[in-house]
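*Asks:* What follows is the residue order along each chain.
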Amino acid sequence: MAESIQDIQEEIVDEFGMFDDWMPKYDYLIELGKELPLIDEQYKTEDRLIKGCQSRVWLHAELNDGKVVFTADSDAIITKGIISLLVRVLSNQEPEAIVNADMAFIDEIDLKEHLSPTRANGLVSMIKQMKYYALAFQAKKEQ
Amino acid sequence: MISDSKHTVLDIEKIRAEFPILHQEVNKRPLAYFDNAASSQKPQVVIDAISNYYSTINSNIHRGVHHLSQLATDAYEQSREKIRKHLNAEKKHEIIFTKGTTDSINLVANGFRQLLQEGDEIIVSAMEHHSNIVPWQLAAKEKGAIIRVIPMNDNAELIFEEYQKLLNEKTKIVAFNHISNALGTINPVKEMIAEAHKYNVPVMVDGAQAIPHTLVDVQDLDADFYCFSSHKVYGPTGIGILYGKEEWLEKLPPYQGGGEMIKEVSFEGTTYAELPHKFEAGTPHIEGGIVLGTAIDYINTIGVENIAAHEHALMEYALEKLGTIEGFNLIGSAKNKAAVISFLIDGIHPYDAGTILDKLGIAVRTGHHCAQPTMSRFNIPGTVRASFAVYNTYEEIDRLHEGLLKVKQMFA
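Just so you know, the protein sequences line up as chains Z and L, in that order. Numbering follows numbering that gives the first Met the number 0, in which position 98 of the first sequence is assigned residue number 97; successive positions increment by one, without gaps. Numbering follows numbering that gives the first Met the number 0, in which position 35 of the second sequence is assigned residue number 34; successive positions increment by one, without gaps.
Wrong hints could be hidden among the right ones.
What the hints assert, rightly or not - When the alpha-carbon atoms are kept at most 30 Å apart in a straight line, the in silico DSBU-like pairs for lysine-lysine are as follows:
hint	chain 1	residue 1	chain 2	residue 2
1	Z	Lys50	L	Lys405
2	Z	Lys50	L	Lys189
3	L	Lys358	Z	Lys24
The set of hints was computed from the structure by calculation and includes no laboratory data. Quantities reported herein were computed from a predicted structural model and do not represent experimental measurements.
Please construct the entire structure, taking both the sequences and the accompanying hints into account.
*Replies:* What follows is the structure, encoded as structure tokens:
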């Protein structure tokens, strides 16, 4: 059985607990950015683009065996690192779990500033968009 | 203060001491504030003036017969006179208090909306802030008028010959900035105005980035409209100025209706108040208007030319220092340039650079600076921008340099 959204969040909080300074934390985020399951180039289209004033984010979702699989990309690496965390938490989960997910871990690992709507980096919209995809898949399933 | 031949060399440590906000740590590092083109910090004298207003003379202006109302009205009108003098406007009633630059432009664009006809043309430049694009688009769209754009060259200088070609008998107004917020380019305002006047076309100048760094004489420039914001010139937010030549302000219809802007009201009709009150509906930002005068006094005490000389020296130093960083690309290398450095470092996104600099206590602006057409012109998503004020130091630029080296190391 796959790990639950809650378990993965706790895992991430543990991992980030090792950093007592911002620099190794951001180095790690940069590394995570490089590991992000990248969106297929054919999906990097205008309608999958989440525009922010600061950085741009592309997001794609597919339903695979009843689970939602997310791929994404961004032009900024720190944004990519955070997306990588969001994808790790929400990808390969059932639509219902994604819709109901509480993304509290972002607060706990002190990256909240990147998810402030005023940062306009596309991440807040991205979480919303991930949930919309899940909701759409859920609705389809119930039909 | 020590004087050289041209300028007084400022005692920056003494000046810094007047700005309480600068003496704090951000992310455990001393704050280095380089986002001055967005908003400058306030000296103690400005902060005190806000508090003094509310502690001593607060009351509504222009209508009370009582003592406090008289004092507040006097202070407000004295401030208007200070600003008239500072801009060398001919008449005091040519100085209109607004909410800021954006509000000033909207006031004028709204007025022209009523004067426009289908097929008329409005000229703006390719390096405008959205505030000096969108109000004109709104006006043009409603009346079927057309927006024409003065292009710029690769150095971020407007192409004068192209501007000359755009002017014709259909042109109703020209609007451009004195100094570009995203690029730092200082535009040849006087020459551009003279060119428009050959066709009897009025010119609106967005001076938001100019007033903190340059002495502006609206009569010498022969500007028809000139505007700026208080908060970029060490004053409070929410207040700004529109200067307009009397003849033009008389021609424009009122912007908003309400108290103060009327002479007589009946249900059959209303006659409007004289200038400047025609454009100042409702209770204004009284404290802001008064304290903007304090801020103008502040820069005049130091000397705008001395401030500009210090900032220019900082910029030269920064360009030299940052220019040594491999992959450093300056965006906007106009010959005539104010103390704004907009740049990219090869392969590094502005958001990434800005985030790390913030961790180092260094405040810069990243993104498109509300000037997306400017970014499109250079085919970039945005830039990192460091803009200087009187309180910035060479040490802070050294820290910016070190910070950028750190950024390069992290994102290599």
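*Asks:* List, from low to high, the hint numbers that the structure doesn't satisfy.
*Replies:* Violated hint (a single one): 2; every other hint is consistent with the structure.
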